[in-house]
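**Student:** As given, the protein sequences belong to chains L and W, one line each in that order. Going from the first sequence to the numbering used here is simple: count from 1 and add 1. Going from the second sequence to the numbering used here is simple: count from 1 and add 219.
If you're looking for bench data, these hints aren't it; they were derived computationally from the structure. Just to be clear, a hint being listed does not mean it is correct.
Taking lysine-lysine pairs in the DSS-like style, the calculated list, with each CA pair at most 27 Å apart, reads [what the hints assert, rightly or not]:
| id | chain 1 | residue 1 | chain 2 | residue 2 |
| --- | --- | --- | --- | --- |
| 1 | L | K149 | W | K521 |
| 2 | W | K229 | W | K660 |
| 3 | W | K784 | W | K800 |
| 4 | W | K401 | L | K149 |
| 5 | L | K82 | W | K784 |
| 6 | W | K309 | W | K277 |
| 7 | W | K229 | W | K997 |
| 8 | W | K928 | L | K149 |
| 9 | W | K781 | W | K401 |
| 10 | W | K781 | W | K800 |
| 11 | W | K652 | W | K615 |
| 12 | W | K229 | W | K309 |
| 13 | L | K82 | L | K9 |
| 14 | W | K783 | W | K807 |
| 15 | W | K401 | L | K9 |
| 16 | W | K229 | W | K248 |
| 17 | L | K3 | W | K644 |
| 18 | W | K365 | L | K3 |
| 19 | W | K803 | W | K784 |
| 20 | W | K521 | W | K309 |
| 21 | W | K309 | W | K361 |
A short list of chain L residues far from chain W (calculated; beta carbon distances all over 12 Å) [unchecked claim]:
| id | residue |
| --- | --- |
| 22 | G12 |
| 23 | Q27 |
| 24 | G56 |
| 25 | M64 |
| 26 | V67 |
| 27 | A92 |
| 28 | E95 |
| 29 | G98 |
| 30 | C101 |
| 31 | P120 |
| 32 | E126 |
| 33 | N143 |
Quick caveat, the model's predicted, so the values are computed rather than measured. We put the CB at the ideal spot given by N, CA and C, even for glycine.
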Amino acid sequence: MKRPVSLKINGRTYSAEVEPRALLVQVLRDDLNLTGTHVGCDTSQCGACTVHLDGHAVKSCTMLAVQAEGFEITTIEGLAKGAILHPMQNAFWEKHGLQCGFCTPGMIMTALDLLEQNPDPSETEIRHALEGNYCRCTGYQNIVAAIKAAAATMRTGRSAGAVA
Amino acid sequence: MATLFGSGIKRREDPRLITGSATYTDDLKLPGLTYAAFLRSPYAHARITRVDVGAAQKAPGVLAVYTGADVKERLVPVLCPWNVPGCDLKIPPHPHLAHDVVRYVGDGVAMVVAETRAAARDAIDLIEVDYSPLGATADPEKAAQKEAAQLHTEVPGNIAFTWVVSGGDAEQAFRTAEVAVKERIVQQRLLPTAMEARAAVASWNQGAGQLTLWVTSQNPHIHRFLCSAMLKLPEHKVRVIVPEVGGGFGSKIPAYPDEVLVSLAAMDLGRPVKWTEDRSENYKVTTHGRDHVEYVEMCGTKDGRITGLRTRVYAGLGAYASTGAPGIPTILHGLVYSGAYTIPNIHGTIQGVYTNGTPVDAYRGAGRPEAAYLIERLVDIYARKIGMDPVEVRRKNFIPKDKFPYTTVTGLTYDSGNYEGALDKALGLLDMKAFRAEQAKARKEGRHLGVGVVSYIEICGLGPSQVAGAVGFGGGLYDSALVRVYPTGMVRVYIGASPHGQGEETTFAQIVADEFGYPVENVEIIHGDTETTPQGWGTYGSRTTAVCGSAVKVAAQRVKEKAKKIAAHLLEANEADLEWKDGKFVVKGSPDQGKSFAELALMANVAWNLPQGVEPGLEATAFFDPSNFVYPFGSHVCTVEVDGETGQVKILRYIAVDDCGPLINPMIVDGQIHGGVIQGIGEGLQEIAIYDEEGQLLTGTMMDYAVPKASQMPHVETAHTITPSPVNPLGVKGCGEAGTIASAACLVNAVCDALSDYGIVHIDKPLTPARVWAAIQKAKGGVA
C-alpha cells in the first residue's frame, strides 16, 4: 500500500507516492530522478548513497523515504549554483580526486560534513572521516588532497571556479 | 608552442561526474520499463529435482518467469572465446540458467520480470526449488584430486587444461644447481569490487528487428559479438551502448548470462527490461580474480646467479570457463616467468581446474600480478638462502639495458627496458643505507622493521592481432579511431576502446589537439556505442593508450595530411614548401601567409575550392595494430613495521617508480599508479574471498570482504623513469595495472624481511594480523 510523501530536496518540494518500505535512495533515484546519488552496496558500507539531512551526512540506503519527511535534504545535484561549482566539487576536479566517479557524490557529501565539524582537518583526520566511504579507483590519495584543498579554499572563503 | 602532451591538465570527464549529471546504466529509464530479478542457487553443487514457478507467475505485477528449461533451446550457451591451443582445453556447456545441476552459489536458476523492482524481488521468493546436494569444493588443489566431486561429465578430474611453458632445460638446471629454494604459495581469490555493480537495460524494436543493450562493459564490441551469437541475432541487429561505467578492473570484460537473459525477455515482452545487480549478488556472480595454488622453485649459484625457475600451478577457474579465463593463467601468466631477469631455464605446468566457486576471470593485472608475485618472492627467498642482499641478486640478474629488444626463453620479445635505472631511482628515494641502519637499531629494541623491493615487468598494450590469433584469443587486438572534423573546425573522435575512469577523454583529446594546434576544448572523444564507433576491442590489459591512442594519433595525422593538400592549393604553393608552424600551415620563408587548421576544416567541409581529385569532407579512420606488446616496468620499495605481539603490519613508506614511457598526462598516470598500488596492498594485506568446505561464500557482502579503506592505506610516493617504446608512434606503454602487479609482492617482501630474525621466509597473503601472529608463534615454536 503506497502512501504519499513530501520531501524537501535541494530547496524544492517533491511529492511522490511510495511504498512504506522504500528506501530514501530508491525514491531519490527511481521516483524523483535524482540519479547523482548512487548505490554501491546493500550493507551500508560503501557510502556512495551519502546525502545531507539538515546539513549532516546520512547514508540514504539506511533510512526509509518516509522517515526523511520534514528534513532539508541536499543531494549532489544541489551543490553547484548553476555553472558555479561548489569549492569541494572544484577541489575534486583540480586534484584528480575521482576516476570512474561512482563514489564521488557520496565522497563529496561526506567531506562537506567533515569540514562543517572540522574546518582544518589533518590527513589522518580526513582518512578517518572517510571510514564509511569506499573508493576502488583512486587509492584515496587524491581524495584526501582534494578535501585538504577544499578546506583551505573554504576557510579563506575564496570563490569557486566555473564549469568550463 | 607548448604541447598538451606531457601536461597534467584537469580531466574533461569530471564536470558531469562531480555534479551528479553523469548517466550510469542503472540511471536509465525508458518508456514502459520493466525490471528483472534472479533466483540464484544457495548450493555450491546440487541437482535440481523440482522447480515450481506457479505462485511467482501469479504474483502481482509479474510479467514473465523463466527457468533453465525455458531458455535452454533458445540460447547458445554462454561463450568462452579464448581457446588457448596446445593444452587440451575443455570448455563444458555453460547454460544461462541451470536446468539440471547448479555448480556454484549464485548460479542462476530462474529470472522474474515484473512491473517494478520490488515486485520482481518479491516474486523470486515465491519460486520453489528442490535441490539434491552433491559434493563440492571451491579449492582448486582439492578439486584436482582424484576423490573430488566431478563438476562436468565432459571434464574428467575437473581438469580444464594442462598448459606447459618451457625454455632451456629446467630439469638439468635444478639437478646441477648449487642452491635451490621452493615454496608453496597461495594466491587467494579476490573480489574485483568495482564500486558500480553490473547492470543491463535491453530494448527490442520489433519493427526494426533490432536489440539495443545498455550494459556495464569494458568492451562494447566484444559484448555485441558475444551477445549476438548467444541470442542468435545477426551482429548488425545488436547495438551495445556503454554509458558511464563505475569501474571494471576486469570484471566487466566478460559477457554474462544475465545480460543475455534480460535481452531475451525484452524481445519476448516487447518492453524494455532492466536488471541491476546488488552488491551481494555481485560478490556471488560477477567474476572473481586470481585463485592460484602454486608450487614454485628457483635455483642458482651460491653467488647469486639465477639459473632456473620451475612452477606447478593449480589455477581455479570456478564452475565454468568465463570469457577470458583460459588465457589468464597461461598466456598472461606463464609466458612472463622470466620477469625482469635473464633466467635461462624455465618450466611451468599450469592446470586449469573447475571448482564449485564463482567463475574466475581477469582482475587488474590478470595473470601478471600472480607471475610477478611468485618471481619476486622467490628472488627474496633465494637471496636469503645464499645470504646475499636481494637488491644485489636483482642487479646481478637483470636483463641489461643494452640487450633490448630481448627475447626470453619463454619466447617473448621485450620491446625496451632499463631495469637498473628504475631500481636506482627507487632506492635513492628511500635511502636504503639509512633504512638498514634504522632497521638494525630497531631490532636491538625488539622492533621489527622491514623493507621490500620489487622489480616487475608486465606484458601490456595487448597486442598484435596475429599473436592474438596464434594464442587462441577469439578476436583481434588492434584498436581504432575515427577523427571527424566539423565545418567550424570542432573535432569529434570516435574510438573503439571503452574507458571507464582511466581518463582517455582527456589524454586522447590532448593528442589530437596537439596535432591540430588547438586548445583541448575543441576536441571531444566519443566511446561506448557500437553504432557510432569503429570496431575496437575494449579497455583492459593496459592497452587503451598504447593501442587505441596510437590509432587516434594516426587518424589525426591522416586528417592533417589532407588539410595540408588543401592548404597548398589555397596558398598556391607546393605541398613540399609548406611547414606546420604555430598552429598553421605556412609557406616556408613566408610566415605571414598561412592557413590555420580551422580555416582548412571549413574549406574541406564546404568544398568551394578544393584541389583537383580531393574529396570534400575532413575525416579519417585508423586501425592500429601494434607490431609487438609493450613491456612497462619499474621498481617499488616499501618499508613496514610489524608488531610482534599482535601481528599488525604498519606501512611506513611506499615508493613507486614506474616506467610506462612518455607521460601524456602525468596527473592521470599518477592517479592510475595510486589506485593500482592500493589495490595490490589490499591484496597483500587484507582482501580474500573465502569459501567454506561446502563451497559457501563466507565473504558475500561488503561487511565481510575487506575492501581497503582510506584510514588503512598509506600515502604512495610516485616517480618515473622514461624509456619510450619503439612499437607505437606515441612511445607509450600503459600504467593501469602496474601498481597492482608490483605492490602485493613488495608488501609481502617487506613483512618477510621484518620477520627474518624469526626465520620466517614466507607467509601467504593477505597478511592479516591473525596470519602474521600465527606465523610468529609457529616460528617461536609456540602453538598458533
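**Student:** Which constraints among the numbered hints does this structure fail? Numbers only, ascending.
**Tutor:** Violated: hints 1, 2, 4, 5, 6, 7, 9, 12, 15, 16, 17, 18, 20, 23, 27, 28, 29, 30, 32, 33.
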